[in-house]
Amino acid sequence: MILLLAAMIVQTQEVRVITDDDVNAVAKQMFCLECENIPLDVCGTQACIQWRAEIRRQLEAGSTPEDVFEYFRVNHGEHALAVPRDPLLWGLTNVTLWVMGALALILAIAFIVQRSRASRTQAVTAIATVDLPADYLKQLEQDIANR
Amino acid sequence: MLAELGLLALALTFAAALYAVVASVFGMLRNLPRWTVSGRNAALLTTPLLLLSLIALLTALLGQEYQISYVHSVSDPQTPTFYRITALWGSQDGSLLFWSFTMSLFTAGAIALNWRTQPRLMPYATAVMMATLAFFVGLSLFLENPFTRYWVQENTLTGERTAIESALIPPASDTTLILAPSEAVLARTANGLNPLLRHFGMIIHPPMLYLGFVGFIVPFAFAMAALASGNLSLDWIKVTRQWTLGAWLFLSLGLLLGGRWAYDVLGWGGYWGWDPVENAAFLPWLMGTALLHSVMVQERRGMLKVWNMFLVIATFTSVIFGTFATRSGLIESVHSFARSAIGLPMFLFWSSMTLISLTLLFWRWSRGELKDERQNVHPLSRETLFMLNNAVFLTLFVFIFWGSFGAPIVSELFIGTEISLGIKYFNQVTAPLFAIMYLLMGVAPLTAWGSTTARKLGGLLLIPLGLTAATGVILWVTGVRSIGGLFGYLLVAFAGFVVLDETVRGVRARMRATRENPLVAMWNLFGRGRRRYGGYLVHVGIVVIGIGVIGSTLYQQETQRTMQIGETLDFGGYALTFNGIDSGQVAADGRILDIARLSLARNGNVIDQLRPRRDLFLQADGSAMPMTIAAAHSTLENDFYVLLVSWQEISPNQATFKVYVNPLINLVWLGGLVLIIGTVIATTPAPAPQRQSAPVPTTAGVAHA
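Protein sequences, first through last, are from chains A and B.
Quick note on the numbering used here: the first sequence kicks off at 10 and runs consecutively.
Quick note on the numbering used here: the second sequence kicks off at 145 and runs consecutively.
With the rest of the complex left out, here is chain B (with noise of 0.2 angstroms):
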């Protein structure tokens, strides 16, 4: 009953979205707004549909529902609750379906929002976002459903079963009997959720990353409808400007929880590896980033205009691209892909997709529709330090998709090797890029738009480059003697040092007109100019992350050791000391436990006891996956990290620990906190300016003639 209801609300879904882009397309071409109207009703039906099929999968998830695949696949009698509601995009059909969902919360969101107030730019953006969603709908309904279930067809004549898996119940005829496998059998050979996904991040890391992914389709489609209507004012930037710092935020996010998760789980003392399904995420936040900034120009300068909607389907094509790559199999060989089912659909699309929004650009472009209001920027200008910004991120994105997809396809195709690209090798190419980044986050903030002159801008830069000085003296007299690092810090430093200045000037030139005291003024300055300074925490938190990456980056220790019991190491200026293990601890959910135990000294005391683990899941064909879950001793100097190597010998005498050491680390932690904060600060639309009536004179009052 549940697939049934479940698939039913799917297959709506797909013919409700594909009725919203015909509909949408069909009013306006012909003027009639009962259609459009039409359509987007149907746009916000499939928001409630897709709930309901999610709905259906959840419970089939939490009943125990293992005639459909999907649930056998993800789950077993063993998982808890908890892993049960995250195994819903624990998978490729689950996750489809979860995306499909978020997609749909959007769209009806931007449609509710901004239906009355952009007549002419709503049913064009309706249509390209039903458009994509149909696409992914169908995906689920045809290639990837998550309702397909387990059947065992039964020849009458000769007793012979076989095991089938179809959505629908297969038809039965007079020699074949359909029947529903065994629930014992179901149960027993279930499958559990992948070891790796067992973990909290689980619940919160997919579902931003999705946020983050589906939330481009916004802007996406508003700048389309802004190309196909011929709309091209600064509406489309305006309406779309909080949705896009939105998407960002949740991506941002997402990335954030992927690297934490990726230090607590995979077992090798990092965060990011530069891995392409990393970097598949990674590339439509750079796309992003240069858009957030490149806006400006357009709003304020009326420039840039090409640009800006070049970078917004930029930056959603690299969310469907990246989303193809790691779905599709493209990342493990370039053949691959297309033995995946949902591989050449997602190409055919992504391509399609990327040729029309090109082709509606470049044709508004050639009628010279798109032409930039000024055409002079000043080099020392705001403007022309944005565009600097934007060819720095477009580099990035070039040097990262080339390491990542474009090499090692062409190395492939045209060479016949396989290559991959490691740490190393991302570490070298961007590492120039992301310096020249933070140089120019420390410039730009202090340029005026238009022109600034050297004189002035030499001014404000005596107090930054000050702080930077002193804190390259500092850093020097500490020990901190590596050029690069010290460069690194420098430069992270100075960018940091530039907000900060700003800041404070803000505040006493508002503690001198206003009085307030310095807290209020900080406050009502934030609250004032949310945009401003919420994008000055936004950049904070970028310099604490840079200082936290340097530091763990260049500075890591790593050994690794195999200790007897009560034997001591040192290392770091630390002193570990193995006490024992605790082999074979059964889990509630069944996992074998083998627990080490440690403790950690620094300068002679005690500071902590660690319990680096090795679990193992039995698997239902009766082999063993392990997964090693780390021990950290966490402060904002370093992290003391600690791995039991699951690969070695777990005896009662002796064990093999992998011991990291990475300082600041949990700045890159703290940072992203900030540039949340701050991107919620920017997100945050200004309150109203109150109204103030003037009194209505009355009649006595009124001087007669």
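Just chain A, with the same shape it has in the complex (with noise of 0.2 angstroms):
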């Protein structure tokens, strides 16, 4: 008798009620495989109903969220996600362009500073080959510094 409620009790915790907003916060992360950049929770073909009835299949089942993923790219290829999980592929997507984006920036700032110290450079010669009286200079240097 024992036996029997514990037995009950652990089918009951396998199979938890998911809604149709739990299959969607998944299928949102994942594409139509027919359909071109669809993505699963809004496609209507046989095929995505299909796919979405396993994904509320496996969550009652207990998988995660992840665990859905997972399946799906292991079944269907790297296609199915909206963001892939293979590291090469998250390397190409995702480092490649911080790296890229991080050089357009050094080299933005880096042709501002360059552009910023020619104006100084030319400033600067063009004072040196004035001839001023010294304590003026120093006049001039105060001025500068206190503005």
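One thing to keep in mind: the hints can contain errors.
Now the in silico label distances, taken between C-beta atoms and shown as ranges [said to hold, decoys possible]:
id	chain 1	residue 1	chain 2	residue 2	range
1	A	C44	B	V648	28 to 38 angstroms
2	A	L97	B	R264	26 to 36 angstroms
3	A	I27	B	G766	45 to 55 angstroms
4	B	R174	A	C44	48 to 58 angstroms
Where chain A lies over chain B, by a calculated footprint (3+ residues, C-beta under 8 angstroms) [claimed, not checked]:
id	segment
5	536–550
6	562–570
These are calculated hints, taken from the structure and not from any lab test.
Think of the CB as a built atom: it goes at the ideal place given N, C-alpha and C, for glycine as much as any other residue.
Take the two lone chains, each set in its own frame, and fit them into one complex as the hints suggest.
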């Protein structure tokens, strides 16, 4: 009797109540494999209906969203997911991007700094060629520093 | 007869365009004005010829000439007249022809307005525009001909009949007869317009996009003319400024309308999915925006000459690349593009055009002919901030290009795995860049050309920063607690407050000087400074769009529920009651409609009746294509948006609904409207200063020596 009760409890725990929203939250991060760039949660093809049913079945059995993504990735390829999980592909899409972005930012700042230095170098050169009394120069430098 | 007429006009256009290229270049190289004038005339002739071709196709659509295969593929006897017209650009062949026509219109306009004032540039510009036109007309003539017709070839010996497609009448022989297919059979088997295209947006979204895309041919052609001719003064920028603005305006409108169309008919509650086709249209917009800012630096400070040329090239080549990517099948698979008829020719055209233009640029650059007049910049100057702005736009371009095309192509070609990147990816990588863009949008208008002191800038920032801080407090108190949302709203608001403050300063200064009242002062301020204040209004539009995007992206709520008749769903502060389904309604065009009846209430009061529906479009082969049309209760605060889920059972007693609450989404459309108005103001030329004649002195008044 106790064993029967335990089995019933285990069986109840295995089947969670999964809502349409739970299924869509996972499907939203996947693509229809037949259509072009259509998220799985809004696709009405028969294949998409079956895949969403599969997602529901797995969630009811206790799988996490990550488990579901892995299942579809293994069975249908990275194309099924909105963000690749494979480390190499993740690196291709993310790391490469941030490297390019950082490079662009560094280049832009370096360009501006280089052009600013050109400005100051030209100004210093111009002043250095002028023959001014020392105390006047000193006063000038003081005024510039105070500005 | 219509097909023959359209085809003849198309063939003559092709010949005229090619002749215009040869005559213009020959005339310039040999200094023979008669040849350049002849080239110009041939270029102008392409517009009426293409118009004739377009009218022939439109007449065939309206007259239901199903023997023409394009008409057969995009319409049927039930298609309403409105959609017969929009079917002109509803598929590849027709849209290519329409594209060529809009290009010829821009070319004719550019030639007519600039021929006399820019004699050194015009022949080269004409040659570039006509070479591009000849390519696209050639695609229509040889690969995607809209006048291809169905024929039946009958073997007189065996009686066997074969259906064939050909633009020209196939040759008959002793043993074969060529017959026109039965009109009744053609009408019965006609496909009709793709249901996704049966939306009011179809009348305007594609034409606006095409006007935007092809509009950029004018600045590109003039830039190439400047490089080819050696006239590297500001002439090419001055001539093309309004064309660039006009193209940018149409492209902006096309993108906004596309978003609205997606929101209304694609059934996913959003308006921008970072789909590669959407991104292909967005990329030239990014480059065009960078260009519009960057040319100001060249005009004011004589700097960034090479960069501006590069931007013009990048803008137009991204138009061509986007067209290539979407029309060739590249987006489906990197291998499928070669199987599409136009894939390889478009790729070759794009790559050779890019190579030639960059070669010209580097040639002039290496000769020292594109040297900046100034080499130095102050860190706190408008030109510095515009350079940073350009860096942001370029980085956005690279990120979006990489996510849409670069990474998927590299992955498929070199790793052997197909990938697609979704909304989450693009939102993550672009959000920081948009944040920087709004920050720059806020600071740049307060800086001066040349240099600004930190003290002066700080003084000008006081009011906008103060208003931003106050906004932050209000948002926090009213419940906006998400750090990301708060940060986004405040950045966007800051940019808006800067523009507001600048405008108020300008109005007050004018009022002090002229004693005008505020409204008159503002009107005259905008009238006299159209470029500046039109630009400010565009910034306001971008600010309003930004608020709408943050609200509808970060705070969107959605749920899906199967409801029984009489059941109420409480969601997002609303109560939605399902009252029934009107199934099997038949529309005039033969669609079968299932219309749900829902009441929407708030705080116990019924505020709207919503009718989301599912349309079933019956196909010639007996199948039915479903489409869901959403119903929405729209306010400035949000949209309560309901879809009838078409793939779940719809019975008299129950149906499944997908419900979204999209906060602030209507600010996206409102902001778009403000952006359009601002661009129109900025594009409109300022009135010419009035000459005042001094009175002529009479001889009686002149003192005699």
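> So which hints don't hold here, by number, going up?
Replying inline: Structure breaks hints 1, 2, 3.
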